[in-house]
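Asker: This is what each chain is made of:
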Amino acid sequence: QKEVEQDPGPLSVPEGAIVSLNCTYSNSAFQYFMWYRQYSRKGPELLMYTYSSGNKEDGRFTAQVDKSSKYISLFIRDSQPSDSATYLCAMSAAGNQFYFGTGTSLTVIP
Amino acid sequence: DGGITQSPKYLFRKEGQNVTLSCEQNLNHDAMYWYRQDPGQGLRLIYYSQIVNDFQKGDIAEGYSVSREKKESFPLTVTSAQKNPTAFYLCASKVTSGIYNEQFFGPGTRLTVL
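First to last, the sequence lines map onto chains Z and W. If you're matching positions, the first sequence starts at 3 in the numbering used here and goes up one per residue. If you're matching positions, the second sequence starts at 36 in the numbering used here and goes up one per residue.
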């Protein structure tokens, strides 16, 4: 079983839709959770960071962590064509190694 | 302007040649990482370094080597022993402070073996 599971998609939505992206994980020691956005042929850009459980909101983006279910989510409200990218989840325990999902490809259609 | 730079952006190599990818950061981060990204496989850890003059192998270190002589620099050498080196290579660095344990990435180097 992989440490982190992420549905690769692809996901296609109309402009203005709410997008929900999810990852599940198996290691209960994970306490640092990240979402990255990666445009084609570019490095991943840190979008959201959450420590432990709970919600975090930043503009149109909301990150949720449910440690009891080992499940994290990223919601994008009022999606825009510029949101079209691959979204990677990542997580870490107290150490130096990070574990990544394989990424979900999102296309927002104008 | 703080950040992570990688050079070159594109690199072509003939089979049997060693090649070195550059990674520099001015974020004053202690830890630095090298990942390889292939389509459908996500990011795989090659090497990481927590401090100067120290580094550890990741999941796919065979055929790669690194050095960490300066805090700002963490070059990766892809040797001729790496059987399938064509990939997108990403360098990252990490800040750890209190509840913060975030990793930041450079723009990447795309290596193609001809």
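Treat the hints with care, as some may be off.
[What the hints assert, rightly or not] The calculated lysine-lysine pairs, modelled on DSS-like cross-linking and capped at a C-alpha distance of 30 Å, are:
| id | chain 1 | residue 1 | chain 2 | residue 2 |
| --- | --- | --- | --- | --- |
| 1 | W | K105 | Z | K4 |
| 2 | W | K129 | Z | K69 |
| 3 | W | K105 | Z | K72 |
| 4 | Z | K44 | W | K106 |
| 5 | Z | K72 | W | K118 |
| 6 | Z | K72 | W | K44 |
| 7 | W | K129 | Z | K58 |
| 8 | Z | K44 | W | K44 |
| 9 | W | K106 | W | K44 |
| 10 | Z | K4 | W | K92 |
To be clear, the hints were calculated from the coordinates, so they are not data collected in a lab. Every value quoted in this text rests on a predicted model; they were computed, and no experiment measured them.
Asker: Look at each hint and say if it fits the structure.
Answerer: Evaluated hints:
1. Of the supplied pair hints, the one linking K105(W) and K4(Z) is violated, its CA atoms being roughly 34 Å apart against a limit of 30 Å.
2. Pair hint K129(W) plus K69(Z) holds up; C-alpha atoms about 23 Å apart against a cutoff of 30 Å.
3. In summary, the hint linking K105(W) to K72(Z) is not supported, as the alpha carbons are separated by about 38 Å, beyond the 30 Å threshold.
4. Under the criterion of a C-alpha separation no larger than 30 Å, the hint pairing K44(Z) with K106(W) is consistent with the structure, at around 24 Å.
5. The suggested pairing of K72(Z) with K118(W) is violated, with an alpha-carbon distance near 36 Å, which exceeds 30 Å.
6. Note on K72(Z) and K44(W): the hinted pairing is violated, with a Cα-Cα distance of about 37 Å set against a maximum of 30 Å.
7. Restraint check: the Cα-Cα separation between K129(W) and K58(Z) comes to about 21 Å, which is no more than 30 Å; the hinted pair holds.
8. Proposed proximity of K44(Z) and K44(W) is supported: the alpha carbons are some 10 Å apart, at most 30 Å.
9. Pair hint K106(W) plus K44(W) holds up; C-alpha atoms about 22 Å apart against a cutoff of 30 Å.
10. Between K4(Z) and K92(W), the direct Cα distance comes to roughly 20 Å. Compliance with the 30 Å bound is thereby established for this hinted pair.
The structure does not agree with the numbered hints 1, 3, 5, 6 stated previously, though it agrees with the rest.
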